[in-house]
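K.L.:
Chain V: place on chain L using the hints.
Those protein sequence lines, which keep their order, are chains L and V. Reading the first sequence from the start, the letters are residues 95 to 201 in the numbering used here. Reading the second sequence from the start, the letters are residues -7 to 111 in the numbering used here.
Check before you lean on any hint, since a few could be wrong.
Stated by the list, open to error - Below, in silico cross-link-like pairs of lysine-lysine (DSSO-like), each with a Cα-Cα straight-line distance of 30 Å or less:
| hint | chain 1 | residue 1 | chain 2 | residue 2 |
| --- | --- | --- | --- | --- |
| 1 | V | Lys11 | V | Lys66 |
| 2 | L | Lys139 | V | Lys11 |
| 3 | L | Lys133 | V | Lys4 |
| 4 | V | Lys66 | V | Lys55 |
| 5 | V | Lys4 | V | Lys55 |
| 6 | L | Lys201 | L | Lys133 |
| 7 | L | Lys201 | L | Lys139 |
| 8 | L | Lys133 | V | Lys55 |
| 9 | V | Lys66 | L | Lys139 |
| 10 | V | Lys11 | V | Lys55 |
| 11 | V | Lys4 | V | Lys15 |
| 12 | V | Lys66 | V | Lys4 |
| 13 | V | Lys55 | L | Lys139 |
| 14 | V | Lys5 | V | Lys15 |
| 15 | V | Lys5 | V | Lys55 |
| 16 | V | Lys55 | V | Lys15 |
| 17 | V | Lys66 | V | Lys15 |
| 18 | L | Lys133 | V | Lys15 |
| 19 | V | Lys11 | L | Lys133 |
| 20 | V | Lys15 | L | Lys139 |
| 21 | L | Lys139 | V | Lys4 |
Bear in mind the hints are in silico, worked out from the structure with no lab data behind them.
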Amino acid sequence: DIQMTQSPSSLSASVGDRVTITCRPSQTISTYLNWYQQKPGQAPKLLIFGASSLQSGIPSRFSGSGSGTDFTFTISSLQPEDFATYYCQQSYDTPFTFGQGTRLEIK
Amino acid sequence: QVQLVQSGAEVKKPGSSVKVSCKASGGSFTSYAISWVRQAPGQGLEWVGRIIPLLGMTHYAQKFQGRLTVTADKSTSTAYMELGSLISDDTAVYYCVRDHGTSNQFDPWGQGTLVTVSS
Chain L
95 DIQMTQSPSS LSASVGDRVT ITCRPSQTIS TYLNWYQQKP GQAPKLLIFG
145 ASSLQSGIPS RFSGSGSGTD FTFTISSLQP EDFATYYCQQ SYDTPFTFGQ
195 GTRLEIK
Chain V
-7 QVQLVQSGAE VKKPGSSVKV SCKASGGSFT SYAISWVRQA PGQGLEWVGR
43 IIPLLGMTHY AQKFQGRLTV TADKSTSTAY MELGSLISDD TAVYYCVRDH
93 GTSNQFDPWG QGTLVTVSS
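So here's chain L without its partners, still in its complex pose (with noise of 0.2 Å):
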């Protein structure tokens, strides 16, 4: 099974900041990469997905980059509704593994 790292676990910031979240598979796999945030009591939703493709409806200040085994989850500028956890997943090979999440939090 391929393994997610996904870091940091929680992370503290302010509305306006720029925040990134990191995910390293444990063996390549292309751009087979995707992005889902959750919010409490709800099902996760789609963000980006092949790496770096924003899902259609989706706000430009989320973004992603990277291929192979080094991939970047940005929130260029956060909003009050983007506090939610994060989860990063593979989809280059069944089973298709996530990331344990990254809780965003407001300071």
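P.N.:
For chain V alone, coordinates are given in the frame of chain L:
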């Protein structure tokens, strides 16, 4: 616009089985796969298994082999996940999700079904 609607919450005894349904609407059921993902209380996301309805092909996470069955009924555009030999650690919200596209991305998600295993 594809929508996925899941069956309601379940309470099960240890050792029993649960079957969760996921009805798709608004798209072609045979043009994508359906994955199942679970989330234990306060925990992260765990991929459970997947079915490609057009082919009937399934893939399961190794830890569920032997007690997981994922099926799909093309006539009703409904996918099913049946998990047997339940233990308390199977208590979780189970989500179905469309698994499609160039990156096998997961979108949209069903609303989730809480399965509680308790004696």
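K.L.:
Kindly indicate which numbered hints from before are broken by the structure, ordering the numbers from low to high.
P.N.:
none
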